[in-house]
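Following the hints, position chain B against chain A.
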Amino acid sequence: MTIPTLSTIALSLLTVLAFIGARGAARLVRQHPLANPTLLGALIVGAVLTVMNIEVETYVIAARPLGGALDLAIVALGVGLAPRLKTLGRRLWRAAAALIAGVAFGMVSAVLLGRLFSLPPPFLEALSVKTVSSGFAIALMEATGGPPPLAAGLVVATGVVGALTLPPLLIRFAPHDDIGLGLGTGTAAHIVGTDALMRTRREAAVVAALAMAMAGPVAALFLPMLRPFIG
Amino acid sequence: MQRAIDLMTGMVVIAMAALAGDLLAHLAARFVSMPLPGPILGMVLIAAMCGLFPSIAARLHPAAALLTGLLGAFIVPPLVGLALFAAEIAAHGPALAFILIVSTVLTGLVTVAIWRIIGPRAA
Numbered sequence: 010m011t012i013p014t015l016s017t018i019a020l021s022l023l024t025v026l027a028f029i030g031a032r033g034a035a036r037l038v039r040q041h042p043l044a045n046p047t048l049l050g051a052l053i054v055g056a057v058l059t060v061m062n063i064e065v066e067t068y069v070i071a072a073r074p075l076g077g078a079l080d081l082a083i084v085a086l087g088v089g090l091a092p093r094l095k096t097l098g099r100r101l102w103r104a105a106a107a108l109i110a111g112v113a114f115g116m117v118s119a120v121l122l123g124r125l126f127s128l129p130p131p132f133l134e135a136l137s138v139k140t141v142s143s144g145f146a147i148a149l150m151e152a153t154g155g156p157p158p159l160a161a162g163l164v165v166a167t168g169v170v171g172a173l174t175l176p177p178l179l180i181r182f183a184p185h186d187d188i189g190l191g192l193g194t195g196t197a198a199h200i201v202g203t204d205a206l207m208r209t210r211r212e213a214a215v216v217a218a219l220a221m222a223m224a225g226p227v228a229a230l231f232l233p234m235l236r237p238f239i240g
Numbered sequence: 008m009q010r011a012i013d014l015m016t017g018m019v020v021i022a023m024a025a026l027a028g029d030l031l032a033h034l035a036a037r038f039v040s041m042p043l044p045g046p047i048l049g050m051v052l053i054a055a056m057c058g059l060f061p062s063i064a065a066r067l068h069p070a071a072a073l074l075t076g077l078l079g080a081f082i083v084p085p086l087v088g089l090a091l092f093a094a095e096i097a098a099h100g101p102a103l104a105f106i107l108i109v110s111t112v113l114t115g116l117v118t119v120a121i122w123r124i125i126g127p128r129a130a
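Here the protein sequences line up with chains A and B, keeping their order. Using the numbering used here, the letters of the first sequence correspond one by one to residues 10 to 240. Using the numbering used here, the letters of the second sequence correspond one by one to residues 8 to 130.
Hints listed in this document are in silico derivations from the structure and should not be mistaken for laboratory results. Note that the coordinates shown come from a computational prediction; the quantities given were computed from them, not determined experimentally. C-beta: ideal position from N, C-alpha, C; glycine also.
Chain B is faced by these chain A residues, among others (derived, beta-carbon under 10 Å):
1) A106
2) L136
3) P158
4) G162
5) F182
6) I188
7) G193
8) A197
9) D204
10) A218
Next comes chain A alone, as it looks inside the complex (with noise of 0.2 Å):
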């Protein structure tokens, strides 16, 4: 068992904090979409990396235990999860349906427009997992052999991109359709978008979380087809 160094409690503490204090000014500004506390915790993160001169990568590694934690709070979704699939009845094979084609267009999308744009290999697989939570992107990474770390944040980064887009969008296109907005965020934006929802729509985002959960093995199923598009 690894005993925390002290920079490890003060980093994760910097971290929570952080996130504490954007979610409060969130809540000052009524959760404008830019005002996503993860985010703004980001970026009051690396500017007090900046201020101390404390390198990213030490912050990385210090923070690490907060990939466990991360790991907890992914679980713990699950709570919420049997009620909603109990709601959903007849409604879930069209729910998996619009899953399956949002997973599957996701990918595909990611890869053709970074053939499109020539990006190199690692990117290219990296953007092939885009669309599924960090978790899952990083064991289909190592499963693969593309890379994980890039692909952790540019699932992360997908995440921010769509917890700011999406939800204003889909409410707008159908405000009371609870579903489609959990199903549309969950699947393009995963964690981000599902914890972006937990704070605005909670009904929503038990959906995204579901829509989160299932995007995973649908995209392992994909990948494969996918790989002569990619090296």
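For chain B alone, coordinates are given in the frame of chain A:
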């Protein structure tokens, strides 16, 4: 006091589910060569348990609410870590930004469009 006990019990149950998920993930990788992350399998296990025993779900709620409330904080490190790829990302910055924005927004819209298009017949 009861809330504190539920919180601690919930944390232990969630941690046990995470460990069980990790174990299943290792077995899946070894025997069916399918890369499935442990936390997602743990989430499925917890969901199945709460579905079968709704009274357990109520006891797990305080711990689940605490963890999911801080979920965004736990994503901050990989987001800050993107700075490690600053040079590579800068070299392809505009293309990457375009791809992430266009592909992500269209993925969400396509998912919702299909959900709504097939709705009347399937619902």
